[in-house]
Amino acid sequence: MIDFSLLNRILRTPGEVAARCRDEQDVNSIARTALFTLALSATAFGAAVGAWRGGRQIVFAAMKMPIGILGTLVLAAPAFYALSAVFGRPWPLRSVLSLVLAAGARFSLVLLAMTPPLWLTINFDAPYELIKLTATLVYGLAGLAGLEVLVRGLGDGAGRRTTIGLFVGVFLLIGAQNAWVLRPYFGTPGVKEVHLFTTEREGGLAVQLYRTVGQLTGGHR
Amino acid sequence: MSVRDLLALYAVVGVACAIAVFHRAATRDVGTVVSALMTVPLWPLWAPFALGPSRSRAPSRPENDAVVRRVEKALADAVEAVRETPMQGVFTQATATRIAAEVAHVAQRLEDLGALAERNGFDRAASARRLEELEKSGASERAVATARLQHDSLERLAQLREADTRALEELADLLEALRTQLVLARYAGSPADSASAIVSEVWARLEGLGAVLDQS
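Top line first, the protein sequences correspond to chains A and B. Under our numbering, think of the first position of the first sequence as 1, with each following residue one higher. Under our numbering, think of the first position of the second sequence as 1001, with each following residue one higher.
Since the hints were derived computationally from the structure, they do not count as laboratory data. Check before you lean on any hint, since a few could be wrong.
Simulated DEER-style distance windows between Cβ atoms [claimed, not checked]: (1) Glu24/A to Ala1143/B: 35 to 41 Å; (2) Leu1037/B to Gly218/A: 51 to 57 Å; (3) Met1001/B to Gly218/A: 34 to 40 Å; (4) Gly140/A to Lys1073/B: 53 to 59 Å; (5) Glu1162/B to Ala158/A: 43 to 49 Å; (6) Glu1132/B to Gly155/A: 40 to 46 Å; (7) Ser1153/B to Asp26/A: 21 to 27 Å; (8) Ala1143/B to Leu11/A: 37 to 43 Å.
Pulled a few chain A residues facing chain B out of the computed Cβ check, cut under 10 Å [said to hold, decoys possible]: (9) Ile30; (10) Arg32; (11) Ala34; (12) Leu35; (13) Phe36; (14) Ile67; (15) Leu70; (16) Gly71; (17) Leu75; (18) Pro78; (19) Leu93; (20) Ser98; (21) Val100; (22) Leu101; (23) Gly104.
Glycine included, C-beta positions come from ideal geometry on N, C-alpha and C.
The task is simple: from the sequences and hints, build the whole structure.
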């Protein structure tokens, strides 16, 4: 199911793996390994995040983390296919998807590597805000690691920066909305009840951002 | 359309893709079931791979492609010949599927060997020329020995590929004979003993081919 030598290459020589994706070589193996790695790594990271609350929250967060990440890829990968085609790289669908999945695998391997430090931070009773900040930094680091595969995969030439910039924008938007819908992961401080999904109805991430900006500027309440 | 409707639609497409993945698979094993199950939630990411052309089922070299087509046709005819007869136990659909998968695997390995032979550094003629040049120019013994080793290795690789290509063609002949034997048994009402012996022979040859290729 999982080709460990491929994972090693994704970490150490992302350019070589990206070239194989582009040339449509071994893409089935790359896709299968990436999907399993993503699911397993995200489950482990989710369990560590849920450990802040403990109990059922560990199971809930472990279930929701892979759903959130894979769901984001499901929705964002077609955008990458379209963007790369529009900006000068009309590659086969399987090439583009394998490239996105290889990037996702690298992202998830960094998440997995950072799971023990995050868990230790929680275990040492660090403040809630510090734990959230740590998790955010881990996401950022993992995102940069995954992005390298995409950048190398697109290669040199016109349209690379535009493709990457637009895709990152689309990915962040979808990822943030997915994460918002699937919350809570840590749980809310002071709230003892544990829910699989939040029961609040606030209109999604975009509405919340709009309200927050409005509150900061004194326009909306 | 609500989010629930969209999710239901997504699931319906996922199930349809999963059924297609299961039916298109060359073999029906745990891997196929896992692949089909993965397709349900992840069809936008996984279906293009699971439903796309598999390298093992589509050798691009015409000679390999022709042998695989002959084998597939012979197997399909053989399964059809034993349908609803007492010989169904001699040659089942599962047996045919397994043989087809093995043959496709062997053909793919031959394809890889063929592709290898066309790469830079694997050219037999070039290695022969290089050896001849070194011998004529009075190069050191070590340089000549290295060039000879390279040439001999490439010769062996080519011989191996030719032998395996022949073996695969003989296997296709054998499967066509099996098909004819089963058709004969169906219409002449003769016992299927000889067909059973051919099936055993087919497996023996496939195992032989696989062993040789694994060593290579």
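Next item on the list: Verify the interface restraint on Leu35/A: the C-beta must sit less than 10 Å from at least one C-beta of chain B.
Entry: Holds - the Cβ of Leu35/A comes within 10 Å of chain B, reaching about 7 Å at its closest.
Check: Is the interface hint for Ser98/A satisfied, with its Cβ closer than 10 Å to some Cβ of chain B?
Finding: Cβ of Ser98/A sits 8 Å from chain B, so the hint holds.
Note to self: Please check whether Met1001/B and Gly218/A have a Cβ separation lying inside 34 to 40 Å.
What the structure shows: Taking Cβ atoms as reference, Met1001/B and Gly218/A lie about 37 Å apart, which means the hint holds.
Next item on the list: Return holds or violated for the Cβ distance of Glu24/A and Ala1143/B against the range 35 to 41 Å.
Entry: Holds: the Cβ-Cβ distance is about 40 Å, inside 35 to 41 Å.
Notebook entry, point to check: Given Leu75/A as an interface hint, is the shortest Cβ-Cβ distance to chain B below 10 Å?
Noted result: Since chain B brings a Cβ to about 8 Å from Leu75/A, closer than 10 Å, the hint holds.
Check: CB of Glu1132/B to CB of Gly155/A, is that within 40 to 46 Å?
Finding: At roughly 41 Å between Cβ atoms, Gly155/A and Glu1132/B fall inside 40 to 46 Å, so the hint holds.
Note to self: Between the beta carbons of Gly140/A and Lys1073/B, is the distance compatible with 53 to 59 Å?
What the structure shows: Given range 53 to 59 Å: holds, Cβ gap about 57 Å.
Margin query: Quick check on the hint: Arg32/A CB to chain B CB, less than 10 Å?
Written below: holds (7 Å)
Checklist line | Hint status (Cβ of Leu101/A to nearest Cβ of chain B, threshold 10 Å) | finding: holds (7 Å)
Next item on the list: Mind checking the hinted window 43 to 49 Å against the Cβ distance between Glu1162/B and Ala158/A?
Entry: holds (47 Å)
Next item on the list: Could you check if Pro78/A really has its C-beta closer than 10 Å to a C-beta on chain B?
Entry: holds (7 Å)
Margin query: Assuming the hint says 51 to 57 Å, is it satisfied by the Cβ distance from Leu1037/B to Gly218/A or not?
Written below: At roughly 53 Å between Cβ atoms, Gly218/A and Leu1037/B fall inside 51 to 57 Å, so the hint holds.
Of the hints listed earlier, there is not a single one the structure fails to meet.
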